[in-house]
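There are 2 protein chains.
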Amino acid sequence: MPSEATMKAALQAYLDNFNAGNLDGLVGLFTDDAVVEDPVGAPAHNGKDEIRAFYADALKNGARLSLSAPIRGSHTNAAAMAFEAKVGPLTVRIIDVMTFNDAGKFTSMKAYFGPEDFIQAG
Amino acid sequence: MPSEATMKAALQAYLDNFNAGNLDGLVGLFTDDAVVEDPVGAPAHNGKDEIRAFYADALKNGARLSLSAPIRGSHTNAAAMAFEAKVGPLTVRIIDVMTFNDAGKFTSMKAYFGPEDFIQAG
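Going line by line, the protein sequences match chains A and B. Position one of the first sequence corresponds to residue 11 (the numbering used here), numbered consecutively onward. Position one of the second sequence corresponds to residue 11 (the numbering used here), numbered consecutively onward.
To be clear, the hints were calculated from the coordinates, so they are not data collected in a lab. Don't take every hint at face value.
Put simply, identical chains are the same to the list, so a pair is met inside one copy or across any two.
[Unchecked claim] Below, computed lysine to aspartate or glutamate pairings styled on EDC-like, alpha-carbon distance capped at 20 Å:
| id | residue 1 | residue 2 |
| --- | --- | --- |
| 1 | Lys18 | Asp59 |
| 2 | Lys18 | Glu126 |
| 3 | Lys115 | Glu94 |
| 4 | Lys18 | Glu94 |
| 5 | Lys18 | Asp67 |
| 6 | Lys70 | Asp42 |
Model, not experiment: these values are computed from the prediction.
Isolated chain A (complex conformation) (with noise of 0.2 Å):
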């Protein structure tokens, strides 16, 4: 099991890679096989090429990601994080959870937003 500071600090890079639109660093943060879920209730993204090309295509929209509030761990291999998305004068409010394999990789992420938790400035 990764240690607890492992973990919340792949949640930080997921955070720093998205925001600097670094595709391979946020892959890379990925096992093989993992699998994203983002919104949760959408089809799920299985394994590095969807994933990759889920990212590839999200990065697109040039969000900025910013954490609402401390990283969380856990007494296992899962660490969670709400943040907020900005997308010019829209902000989405989300909570990822990422479970983790013992070299520290994500084995699966979990977004949690819904349709009402897109704000619209102004």
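Given the structure of chain A, go ahead and fit chain B onto it with the hints provided.
For chain B alone, kept in the frame of chain A given last:
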């Protein structure tokens, strides 16, 4: 599937009932066969009797819960919230994820926090 507003109201009711020390109100938010994993990584509490015993004990410490950021929904029967539990000088940073049945009751609850999410004031 319950509406996003229904799910978010149930999470708020969880905080409110906890803060009011209302054990019946708290336990009444769950289905009879719900599963509570608090924290994630600890043995689960299965079904209403175990859940009642868990919260009867949890309420004894007089923790006060407050949201760290607005509650998030999802595109299916799940919602999540980042909050803090304060017990005297101790603060625990937590993210809870709940799933729901069609009647808007919790079928599961997972609480994400690790040993490093306990913050001692001063």
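A quick look at each hint next to the structure:
In this assembly of identical chains, Lys18 and Asp59 lie within 20 Å of each other by CA distance neither inside one copy nor across copies; the values are 25 Å within and 34 Å between. In the homo-oligomer, the alpha carbons of Lys18 and Glu126 lie at most 20 Å apart only across protomers (10 Å), although the nearest pairing inside one protomer, at 28 Å, exceeds that limit. Proximity of Lys115 and Glu94 under a CA criterion of 20 Å is satisfied in neither setting, with 23 Å inside one chain copy and 27 Å between copies. For a Cα distance limit of 20 Å, the shortest separation of Lys18 from Glu94 qualifies both inside one copy, at 17 Å, and across copies, at 18 Å.
When the C-alpha separation of Lys18 and Asp67 is checked against a cutoff of 20 Å, the pair qualifies neither within a copy, at 25 Å, nor between copies, at 30 Å. Proximity of Lys70 to Asp42 under the C-alpha cut-off of 20 Å is found in neither arrangement, the shortest distances being 23 Å within a copy and 45 Å between copies.
In terms of the numbered hints stated before, the structure departs from hints 1, 3, 5, 6, listed from lowest to highest.
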